[in-house]
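First to last, the protein sequences are chains B and A.
Sequential numbering from 1 applies to the first sequence in my numbering.
Sequential numbering from 1001 applies to the second sequence in my numbering.
FYI, nobody ran anything at the bench for these hints, they're computed from the structure.
Quantities reported herein were computed from a predicted structural model and do not represent experimental measurements.
Yeah, the Cβ is synthetic: ideal placement off N, Cα and C, and Gly gets one too.
Incorrect hints may appear among the rest.
[Stated by the list, open to error] DSS-like mimics (lysine-lysine), calculated; alpha carbons at most 25 Å apart, straight line:
1. B:K144 with B:K85
2. B:K144 with B:K236
3. B:K42 with B:K93
4. A:K1111 with B:K119
5. B:K119 with A:K1266
6. B:K138 with B:K85
7. A:K1266 with B:K144
8. B:K119 with B:K144
9. B:K138 with A:K1111
[Unchecked claim] If we take Cβ atoms under 7 Å as the criterion, some of the chain B residues that face chain A in the derived model are:
10. Q38
11. L39
12. K42
13. S116
14. I131
15. D133
16. V163
17. E214
18. E244
19. A246
20. A248
21. K303
22. G325
23. I335
24. K339
[To be verified] Stretch-level coverage of chain B by chain A, calculated; a stretch enters the list once three of its residues show a Cβ under 8 Å from a Cβ in chain A:
25. 175–182
26. 231–242
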Amino acid sequence: MIPVNRSGEVWVFAEQEEGSLHDIALELCGKARQLADQLGVKMAAVLSGWNVRELSQRLFAHGADRVYLVEDRRLEHYQTQPYAKILCTLIDKHRPQIVIYGATPLGRDLAPRIASAMKAGLTADCTALEISDVTDPKTQQVHKNLLLQIRPAFGGNIIATIVNWDRWPQMATVREGVMPMLEPDMRRTGEIVEEQVALTDADFPLRLVERHREPRKVNLKGARTIVAGGGGVGSKANFRIIHELAGAIGGAVGASRAAVDGGYIGKEHQVGQTGTTVRPALYIACGISGAVQHRAGMEESAKIVAINWDKEAPIFGVAHYGIVGDLNEVIPKMIKALKERPKE
Amino acid sequence: MPYDSIVCVKQVPDTANITGEAMRPDGTVNRAALPTVFNPDDLHALEMALAVREAHGGTVTVLTMGPPKAGEVLREALYRGADRAILLTDRRAAASDTLATSYILSMAVRKIGRYDFVFCGRQAIDGDTAQVGPQTAEKLGIPQVTYLEQVVNLHENIARLRRNVGSGWEVVEVRLPVLVTVLDTAGLVRPPAAKRVLKYKRARTPSELLIEVSRENPDFSDQQKEAEALRRAESLRCRGLMLAEWNLDDIGADLAWCGLSGSPTKVHRVQSIVLTKQGYTEIPPTDDGIRGLIRELVIDHTLG
C-alpha cells in the first residue's frame, strides 16, 4: 500500500489488445478526467504492451495529461504477472491516489493481483464513482475527498458504496458501458513518460500455445436503439416480431435471460448483469418482466419504453413510457407508426 | 503422475431467488432469511478437480471458510467425491473483505502443505467480485489461470489449460503448482453419489456437534455440552466421519490481516433496490396512442 497522498494523480489502466485500445480505456478516461478535475490533480493512463506508443494520442484526446508507457516485446500478449509487476512498480514510484481498471475479463484478472501485492483495497465492478467527504462513524474523523466506489451486490438486490480511507491507492474496476465516452478533442496533447520496469523470465510463467478470437457479432454496446424481448414473447418463432421492430427502427436486438434460457435467441444478445450492460438512447423492452438482474443492465438507458400485459411488472418501475397490452398487437402498431412517422 | 488438488468453496445465500423478506427496511440484507446454496461456480471447480484425480490419481481436499453452517457444503463435496474436507471458521474472520479473505485462505492452503492445483470458482454469487482467486494466488506466490473451461493436458508438472477470455479462448501452458478459477460453462457437474450420501450424511465438524448437542439438551451446563460433543466426536472419528475444523490460530494467521482490521475496503452505505416509482407516462395500446409516442420520440431526437 501507499500512504494517503492527496496530491496524487488519478490513473486509468489503458487496456489494449493487439495494438488497439479497448473501449473501456476511453470510457475510464472520461470519468478519470472528471474525478481529477474535482480533486485538482493530473490524470494519467498506464499503457503497456509492444508497439503501442501511438495509442497515447487517443488517450490524450480523451482527457489524459500524461501516459506512462512501458514497452517490451514479451508484453505483446497479456499475461497477469508481468502486467501486475509493471503497475505495482509504477504505483510505488508515482503514488497515484486513484487507479481504475475496466471490469473486463482482463481487468478482473489483473486488478486483484495488483491489490493483493500492494495490500491495498479494490472494489469490483463499479457502476458509479464519486468524490465525497466521509466521516468514520466510530472515530468521527472526517476523511476529505474520498472515492466513493458504488456497485450492485447480492445479485443486484442492493447497491453498496465502498470506501478505502487509509490503504491507498483507492482502486476499483468499472463495468463496461456505464461511463459515457466523451467526445475526443483531437487537439489535446500530453506528455509521454517512458518507464523501464525490469522484467525477468520468471515474471512470465505462462506460455501461450493457441489463441482463438471470436469477435462479438452483436454490437449491443454501440447500438443507439435496442429492442429487447423477454419470456413474454413466448416462443422462438414469435421472436421474429422483435427482429422486425428492431429492423424498422434500425436498432439492435437484445433479450432478457428468460428469452435466452428459453432458446428464443443466443446468449450474445443478453442484456443484464450476466449479459451486456447497455445505455442506448432508446430501449424498448417487450414482454420483459424486469428482474433486478435485467434492470441493472439497462436502467441507465436515456429513454425506456416498456410493453407488458402485466401492469404490475417491475419493468414499469424504470420505464419512461409504459404500454400495458399484448405485445403481439402493440408491436405491429408500432412498426406501422414508425413507417408513417413524420420526417424531421 | 498423481496430482493433489485443493478446492476452495463457499456457501452463499441464493441471491438468484431473493424474496422481499430478505431485505430489511434499512436496506441491509437479512442473511438468515435466505436459503443457502453451494456457490455454483465452485461446483465446477470441484468437478474439475475430481476429473483430474480420476484421470491421473491423487487427492482432492475441499476447503471452506464460513460459519459452522458451512459444514453443509463440505458434506455436499464429500457426496460428490472429495477425499477430505476442512472448515475454516473463526468469529475474528467476520467482515473480511476479499483481501483479508484471500490472506486467510492462503494461510490455510499453506497449512495443508503439498498441492499441485488450487481450484476456485470464478466468483461467488453474493459478491460477484471474482477477486479472491487471483488474490489468493498472489499471496501463495504462484501463477493464476482464470476463467478455465478445460484442462487440456497434464504432463508431469506442466499443465495445458484452456481459458475463455470473453473475446475468444486461449490455451496456455503453466508449470505447477497453479491456482485456477473455473467457469460454470466448463461442463456438467456430477450429482451426489447415493452411496457416499449414506456414508457421509453423518459427518460433522466439532462446531456443528456442539450446536447439535446444545439444541438437543438445552438444560445441560456448558461443561456437560462439551463432554457430550467430545463423546460424539470420538465415535464419529472412529468411523472416519469427523471433519477437520481450523481457526485462525491453527493456521498461524496474523490477526492484523484478518477480519475488519485486515480489510482496506469499508462499506460506507448500503441501499436496497426498491423500485423508485417516479411514474411513467402510460401510453394506451391503440393506434393513436402509439402514433403519439413515436411522434414524441422523434421530436425529442430519440428517434432519427
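Consistency of the hints with the structure:
In summary, the hint linking K144 (chain B) to K85 (chain B) is not supported, as the alpha carbons are separated by about 30 Å, beyond the 25 Å threshold. With a C-alpha separation of about 54 Å, the suggested pairing of K144 (chain B) with K236 (chain B) is violated against the 25 Å cut-off. Only pairs whose Cα atoms come within 25 Å are accepted, and K42 (chain B) paired with K93 (chain B) is accepted, the gap being roughly 16 Å. A C-alpha spacing of about 22 Å is found between K1111 (chain A) and K119 (chain B), which places the hinted pair at or below 25 Å, so the restraint holds.
A threshold of 25 Å between alpha carbons decides the hint, and for K119 (chain B) with K1266 (chain A) the separation of about 14 Å falls inside it, so the pair holds. Our distance criterion of 25 Å between C-alpha atoms is broken by K138 (chain B) and K85 (chain B), whose separation comes to about 36 Å. The hinted pair formed by K1266 (chain A) and K144 (chain B) meets the criterion: a straight-line CA distance of about 15 Å does not exceed 25 Å. Between K119 (chain B) and K144 (chain B) the alpha-carbon distance is near 22 Å, which keeps this suggested pair within the 25 Å criterion.
With a CA separation close to 35 Å, the supplied pair K138 (chain B) and K1111 (chain A) exceeds the 25 Å bound. Taking 7 Å as the C-beta cut-off, the interface hint given for Q38 (chain B) is violated, the closest approach to chain A being about 18 Å. Annotation: L39 (chain B) was flagged as interfacial toward chain A, and the flag is violated, the nearest CB pair being 18 Å apart, outside 7 Å. Interface restraint check for K42 (chain B): the shortest CB-CB distance to chain A comes to about 24 Å, outside 7 Å, so the restraint is violated.
Satisfaction of the interface hint for S116 (chain B) is found here, the shortest Cβ-Cβ separation to chain A being roughly 4 Å, below the 7 Å cut-off. The beta carbon of I131 (chain B) is not positioned within 7 Å of any beta carbon in chain A (closest approach about 13 Å), and the interface hint is therefore violated. With a cut of 7 Å, the hint placing D133 (chain B) at the interface with chain A is violated, because the nearest CB-to-CB distance is about 11 Å. For V163 (chain B), the shortest C-beta to C-beta distance to chain A is roughly 5 Å, which falls under 7 Å, so the interface hint holds.
At about 4 Å, the closest approach between the beta carbon of E214 (chain B) and any beta carbon in chain A falls short of 7 Å, and the interface hint on this residue holds. At its closest, the beta carbon of E244 (chain B) sits 15 Å from a beta carbon of chain A; the interface hint therefore is violated under the 7 Å criterion. Because the beta carbon of A246 (chain B) sits about 13 Å from the nearest beta carbon in chain A, more than 7 Å, this interface hint is broken. The interface hint given for A248 (chain B) is broken, as the beta carbon of that residue sits about 10 Å from the closest beta carbon of chain A, more than 7 Å.
A cut of 7 Å between beta carbons decides the hint on K303 (chain B): the least distance to chain A is about 5 Å, and the hint holds. Interface hint at G325 (chain B): satisfied, since its Cβ lies 3 Å from the closest Cβ of chain A, which is below the 7 Å cut-off. Proximity of I335 (chain B) to chain A is violated relative to the hint, the smallest CB-CB distance being about 10 Å (cut-off 7 Å). Hint status for K339 (chain B) relative to chain A: violated, with the closest Cβ pair at about 10 Å, above 7 Å.
Remark: the segment 175–182 of chain B is not confirmed as covered by chain A, as 0 of its residues place a Cβ nearer than 8 Å to a Cβ of that chain, below the required three. Restraint check on the segment 231–242 of chain B versus chain A: 0 residues with Cβ-Cβ distances below 8 Å, three needed, restraint violated.
Checked against the numbered hints given earlier, this structure breaks hints 1, 2, 6, 9, 10, 11, 12, 14, 15, 18, 19, 20, 23, 24, 25, 26; the rest are met.
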